[in-house]
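S.K.: These are the residues of each chain, in order.
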Amino acid sequence: GAVVSQHPSRVICKSGTSVKIECRSLDFQATTMFWYRQFPKKSLMLMATSNEGSKATYEQGVEKDKFLINHASLTLSTLTVTSAHPEDSSFYICSVPTSSYNEQFFGPGTRLTVL
Amino acid sequence: LAKTTQPISMDSYEGQEVNITCSHNNIATNDYITWYQQFPSQGPRFIIQGYKTKVTNEVASLFIPADRKSSTLSLPRVSLSDTAVYYCLVGGLNTDKLIFGTGTRLQVFP
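As given, the protein sequences belong to chains A and B, one line each in that order.
In terms of my numbering, the first sequence is residues 1 to 115.
In terms of my numbering, the second sequence is residues 1 to 110.
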């Protein structure tokens with residue numbers, strides 16, 4: 001299956017700063033990637049669909065101006081949390097879907113802590 | 001996307017067989033059933049997928065009755081390392097988005 005990496009694995013930042021998280025598909029070209037957020041003891045919540053060469057599609061309730069997504073190539077999608085606040089502290093996970101069946105390969109996740 | 005319902009948590013002991021059932025009453029004709037495993041602070045990992053009857057791989061079995069309104073993930077002889085959250089999802093062949101339910105938190109005791 002596809003190997004998906006994320007960088008950084010964890011980040012701590014001050015309130016008001018912006019943080020960029022990278023998601024790379026190491027051995028699979030992905031026209032679509034997904035970004036999830038997960039709070040402690042909770043399930044994954046889909047934030048947005050990242051589309052290569054076009055705008056991302058955001059789920060209802062997710063602020064597109066706060067969570068900027070760029071999918072510049074078939075192997076890289078980035079999520080930038082702008083003007084981060086403590087309530088943005090969470091575990092962010094990206095995934096790459098396979099080309100056919102309902103299966104995705106997930107990255108290891110990025111732990112964001114906003115002080 | 002069909003909604004799924006799973007038990008919130010389950011406890012087991014090492015060496016036992018664990019069966020986790022998922023209800024998906026509104027599953028569509030072209031929906032597949034997929035199970036993922038997630039350890040703390042890691043991304044989910046694909047376990048098994050099926051459409052009907054029984055599917056078995058090296059880590060688990062998936063039982064799907066004829067009406068497909070439920071499915072059961074069977075983990076044979078669990079070990080402490082199987083302690084994790086298990087998610088059941090349903091979606092169609094061309095469905096891109098995965099909507100996660102609550103999952104089942106399995107705790108394996110020695």
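Keep in mind that the hints were calculated from the coordinates and are not lab data.
These figures come from a predicted structure and were not determined experimentally.
All residues carry an ideal CB built from backbone N, CA and C; glycine is no exception.
A hint or two may mislead.
Chain B is nowhere near these chain A residues, computed Cβ spacing over 10 Å in every case [what the hints assert, rightly or not]:
id, residue
1, V4
2, H7
3, G16
4, V19
5, T49
6, G53
7, K66
8, N70
9, A72
10, S95
11, E103
12, Q104
13, R111
Only pairs whose alpha carbons sit at most 20 Å apart, straight line, appear in this in silico SDA-like list of lysine to any residue [what the hints assert, rightly or not]:
id, chain 1, residue 1, chain 2, residue 2
14, A, K42, B, K69
15, A, K42, A, R111
16, A, K66, A, T113
17, A, K41, B, V55
18, B, K54, B, Q42
19, B, K3, A, E103
20, B, K69, B, L80
21, A, K41, B, K69
22, B, K97, A, T113
Using C-beta positions, here's what the derived DEER-type ranges look like [as the list claims (entries may be wrong)]:
id, chain 1, residue 1, chain 2, residue 2, range
23, B, R45, A, L76, 18 to 26 Å
24, A, S54, B, E17, 41 to 49 Å
25, A, T80, B, M10, 24 to 32 Å
26, B, M10, A, S18, 36 to 44 Å
27, B, M10, A, A72, 22 to 30 Å
28, B, R45, A, T57, 20 to 28 Å
29, B, E17, A, L26, 45 to 53 Å
30, A, P108, B, F109, 26 to 34 Å
31, B, T56, A, K66, 41 to 49 Å
32, A, D27, B, V59, 38 to 46 Å
S.K.: Now look at each hint and say whether the structure bears it out.
M.R.: Here's how the hints hold up against the structure:
no. : hint                          : in the structure
1   : V4                            : violated (8 Å)
2   : H7                            : holds (14 Å)
3   : G16                           : holds (26 Å)
4   : V19                           : holds (18 Å)
5   : T49                           : violated (7 Å)
6   : G53                           : holds (16 Å)
7   : K66                           : holds (20 Å)
8   : N70                           : holds (19 Å)
9   : A72                           : holds (20 Å)
10  : S95                           : violated (7 Å)
11  : E103                          : violated (6 Å)
12  : Q104                          : violated (6 Å)
13  : R111                          : violated (7 Å)
14  : A:K42 <-> B:K69               : violated (25 Å)
15  : A:K42 <-> A:R111              : holds (14 Å)
16  : A:K66 <-> A:T113              : holds (16 Å)
17  : A:K41 <-> B:V55               : violated (30 Å)
18  : B:K54 <-> B:Q42               : violated (28 Å)
19  : B:K3 <-> A:E103               : holds (17 Å)
20  : B:K69 <-> B:L80               : violated (30 Å)
21  : A:K41 <-> B:K69               : violated (27 Å)
22  : B:K97 <-> A:T113              : violated (27 Å)
23  : B:R45 <-> A:L76: 18 to 26 Å   : holds (22 Å)
24  : A:S54 <-> B:E17: 41 to 49 Å   : holds (47 Å)
25  : A:T80 <-> B:M10: 24 to 32 Å   : violated (39 Å)
26  : B:M10 <-> A:S18: 36 to 44 Å   : holds (41 Å)
27  : B:M10 <-> A:A72: 22 to 30 Å   : violated (43 Å)
28  : B:R45 <-> A:T57: 20 to 28 Å   : holds (25 Å)
29  : B:E17 <-> A:L26: 45 to 53 Å   : violated (36 Å)
30  : A:P108 <-> B:F109: 26 to 34 Å : holds (27 Å)
31  : B:T56 <-> A:K66: 41 to 49 Å   : holds (44 Å)
32  : A:D27 <-> B:V59: 38 to 46 Å   : violated (22 Å)
Hint violations for this structure: numbers 1, 5, 10, 11, 12, 13, 14, 17, 18, 20, 21, 22, 25, 27, 29, 32, all remaining hints satisfied.
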